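Asker: Throw the hints in and build the complete structure from the sequences for me.
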Amino acid sequence: MSDPMDEIRQTFFIECRELLEATESGLLELQGGSDDPETVNAVFRAVHSIKGGAGAFGFDALVHFAHEFESLLDDLRSRRLEPSRPLIDLMLRAADVLSELVSAAEYGTEAPEEMAQQLVGEIRANSASGEAPVDANEDDFAPVPMDFGFDFGMDMAPPERKAQVFQIYFQPKATMLANGGEPAIVLRELAAIGPLTVSASLNALPELEKMEPSGAYISWEIQVEAEDDKAIREAFEFFEGDCELSIQQLEAEQGEALGLPSLGGPEVDAAAELSVPAEIEAHPDAGSTPAVAEKVPTGGTAKVAANNNSNSTIRVDLDRVDRLINLVGELVVNQAMLSQSVLDSDVRVETSVSKGLDEFKQLVREVQDSVLAIRAQPVRSLFQRMTRVVREASSATGKDVRLEIEGEMTEIDKTVIEQLSDPLTHMVRNAVDHGLEKNDARLEAGKSAQGTISLSAAHRSGRVVIEVADDGGGINRDRVRAIAVEKGLIPEEAVLTPGEIDNILFLPGFSTASKVSDLSGRGVGMDVVKRSIQALGGKISIRSVPGKGTTFSISLPLTLALLDGMLVQVSSHTLVVPLTSISETIKPHPENIHMLAADGPVVLVRGEFIPVIDIGAALGLREPLECFDSQVFVLVEHETLGLRAFAVDNILDQRQVVIKSLEQNYQRVDGIAAATILGDGKIALILDPEMLSIKAAGRDDAFWSLSNKPEMADGLRRAS
Amino acid sequence: MDFEERAKNAVGREFVAFVSAGQDYCVDIAVVREIRGWAQPTPMPHSPEYVQGLFNLRGSVIPIVDLAARLGLPPTGSSDRHVVIVVKIRDQLWGIVVDAVSDILSVSDAALQKTPDVGSAKTSAFVSSVISHEDRMLRMIDLEVLLPVTREVAA
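Chains as they are written, first to last, in numbering that gives the first Met the number 0: chain R, 0 to 719; chain E, 0 to 154.
Hints were generated in silico from the structure; no laboratory data involved.
From a predicted model like this one, the values you see are computed outputs, not experimental measurements.
Just so you know, not all the hints are guaranteed correct.
[Said to hold, decoys possible] Interface residues of chain E toward chain R, partial, derived using beta-carbon atoms under 8 Å:
id, residue
1, Pro-42
2, His-45
3, Asn-55
4, Gly-58
5, Val-60
6, Ile-61
7, Gln-91
8, Trp-93
Each residue gets a CB set at the ideal place from its N, CA and C atoms; glycine is no exception.
Answerer: Structural data, given as structure tokens:
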């Protein structure tokens with residue numbers, strides 16, 4: 000990353016991604032029937048900015064395509080074209096190609112040239128230019144100055160840069176000579192840049208007897224041809240302050256646009272280069288002079304507008320945020336350490352140390368929340384993508400589908416959002432393809448012909464719950480069961496509850512589709528969805544009511560770095576049970592603990608016998624217990640197995656712990672999700688209650704091992 | 000030729016020599032991150048016998064391997080006198096428990112001898128070559144083989 004040019008490129012691509020997102024969300028708004036001219040303008044500006052930046056870096060294919068796309072958008076903007084559905088579809092596809100071209104430029108992969116060519120053809124066919132009625136309307140006037148702006152931008156491509164003539168006035172001071180500066184060397188260096196003419200001015204030369212031997216009396220006027228003034232300035236680099244120097248470009252008009260931007264400048268240059276500086280000065284506030292701003296949508300005005308919208312945001316490298324989050328994690332550990340030692344030293348509660356510590360704790364908590372909030376983003380962008388998925392899926396299946404979105408402003412960790420995209424896409428597609436019945440079948444069932452998919456996000460007790468629901472026919476359990484038996488996923492005689500049958504959907508290799516359809520037959524099943532959700536430390540569950548529809552519910556942690564846990568003690572070890580899987584803790588009366596046979600302890604809780612898992616023995620930390628009378632039970636709930644009672648010696652504390660990966664330096668361990676560092680610097684293991692329940696259930700047959708691979712821990716491991 | 004290369008050619012490779020179960024071993028100094036005193040590791044369930052447990056290395060959780068146990072010798076055991084050599088292999092940090100670190104020495108490549116063929120599968124798997132040094136035989140440990148392959152299992 001030492002190459003400054005490389006960094007600028009990186010920034011360009013980051014910006015591109017945001018611009019592409021803006022393009023797509025704008026187009027989707029249009030598709031949703033928005034007729035706000037600002038929406039079209041926003042899309043136009045986004046595409047234009049991509050083009051501008053791409054031009055500066057010489058990505059010709061990208062520039063070319065963006066240019067075509069932009070022309071089409073301009074037709075839309077100037078109302079020569081109506082935002083009809085086919086047109087918006089075309090534009091969405093164009094946005095896709097644009098995005099691929101950007102990736103191609105970024106990673107040097109093969110550009111989708113054929114597709115781009117084809118789309119350019121379609122765009123041209125759709126384009127209204129030439130056929131448009133020539134009105135005196137000022138809207139129609141818009142493209143003229145704008146096009147001028149583009150061409151200007153395209154000429155800017157660095158390889159095409161023409162040599163400029165610079166006029167240099169150079170007068171060394173005596174200090175320059177005293178410091179070892181030699182004008183002849185400077186002149187020689189300038190000569191190496193390009194053809195030059197030099198004339199020395201001897202006007203300041205005093206008479207011989209008045210001349211100081213160490214004085215500097217000669218000045219030079221130099222004209223040199225160069226690409227820009229960078230090399231010229233370099234020639235004088237060592238003598239800054241030791242000479243009088245002025246460098247001017249002779250063709251003033253081009254000079255302003257071409258000569259000044261230096262290569263080392265920030266990314267703003269790409270856009271700024273395209274702008275006519277006077278324009279920005281004249282209209283610093285795009286909002287107050289909308290008419291003019293519309294007419295001259297150069298990079299400059301786009302930038303100004305963008306600044307108006309988002310002047311309170313700052314773009315930060317994700318690595319830095321991650322580092323900050325890690326540090327806050329350490330701070331949390333440290334705070335716990337401090338609390339522990341204060342507690343150990345028997346300081347009384349009302350002392351200033353104790354009070355100070357309380358405040359410190361609060362501050363740490365606040366810092367932690369704020370830092371985590373940096374990475375939080377509303378799920379809106381993700382949900383917006385789903386509108387498109389629904390549209391594509393509905394047209395592919397010929398079903399009439401409406402998408403309802405709720406809670407799109409709910410915030411989650413950015414990395415979680417990114418990794419949710421694929422699973423959610425799959426689930427939404429599934430809901431349209433398998434969940435909803437065909438239109439006529441719906442009418443027969445007494446429902447409206449139009450099916451509804453609802454997508455919602457909400458915060459629920461420290462987690463985010465995202466639901467994908469359809470109002471279709473629900474899961475056909477008989478059929479699911481039959482297929483599972485046929486595919487050998489479950490034994491024929493297996494007795495499964497409705498919930499267990501529903502969960503068969505998550506088994507690898509399971510598909511209800513009798514034939515592979517375009518939509519769902521992509522080799523991705525719900526098992527993959529489940530795995531990716533678990534990899535994020537999340538859970539997915541399914542609810543289905545025959546005839547009424549199916550709801551998939553994903554519950555995710557707000558962050559991948561910290562976990563609310565209950566610290567428990569098992570013999571001499573401290574273990575952490577994730578709070579999210581705990582439903583309650585009990586200290587039962589000894590007479591409520593029973594043995595099924597020789598072993599197989601169960602505990603009676605409110606009339607229900609719950610299997611007891613001896614955690615110490617399950618983890619091999621000690622010999623199996625004979626008697627559970629003195630144990631405390633932590634009840635955890637497994638989505639299919641139901642409740643399990645984890646027998647521990649003691650409950651120590653409930654606190655937030657920093658997740659430390661085991662896999663990073665070691666490997667996956669059954670029953671252990673990750674590790675954490677306690678206040679005393681010791682390591683404690685974070686349990687994976689799901690896995691422990693499954694293993695203890697002894698149901699290690701194909702069904703359980705397939706359906707419950709311990710991927711839950713993946714996210715935790717990856718987190719640190 | 001840069002400085003590093005020159006240094007290498009002049010003195011050959013550098014090794015950290017240590018003693019485990021009374022035998023002399025060494026590892027390439029390039030993989031050694033640091034040498035620490037022993038501290039009680041947190042035991043880890045379902046791990047091979049030679050993995051003593053987990054260790055907190057300034058915020059990173061690293062596993063501790065008992066070298067002697069791994070080589071099939073009597074386990075090093077656990078006491079404050081033992082030393083943990085932290086190595087980095089395949090981007091993973093590991094701690095290796097040994098009796099003591101004895102020396103840091105420079106050996107030219109020529110001094111590396113092929114492991115004598117003694118017919119012990121375990122020995123020849125873990126010892127990649129031997130070095131004769133001041134009448135001692137230093138066994139050079141092949142850490143890649145010594146530490147269990149984990150990434151593949153995890154993938």
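Asker: Now look at each hint and say whether the structure bears it out.
Answerer: Hint-by-hint comparison with the structure:
A hinted interface residue such as E/Pro-42 counts as satisfied when its beta carbon comes closer than 8 Å to some beta carbon of chain R; here the least separation is about 7 Å, so the hint holds. Proximity of E/His-45 to chain R holds as hinted, the smallest CB-CB distance being about 5 Å (cut-off 8 Å). Interface restraint check: E/Asn-55 against chain R, minimum CB-CB distance 5 Å, threshold 8 Å, status holds. For the restraint placing E/Gly-58 at the interface with chain R, the shortest Cβ-Cβ distance is roughly 6 Å, inside the 8 Å limit, so the hint holds.
Taking 8 Å as the C-beta contact cut-off toward chain R, the hint placing E/Val-60 at the interface holds, the least distance being around 4 Å. Contact between E/Ile-61 and chain R, as hinted, is supported at the beta carbon level, the nearest pair being about 5 Å apart and thus within 8 Å. Look at E/Gln-91: its Cβ gets to within about 5 Å of chain R, closer than 8 Å, so that hint holds up. Contact between E/Trp-93 and chain R, as hinted, is supported at the beta carbon level, the nearest pair being about 7 Å apart and thus within 8 Å.
Hint compliance for this structure: no hint is broken.
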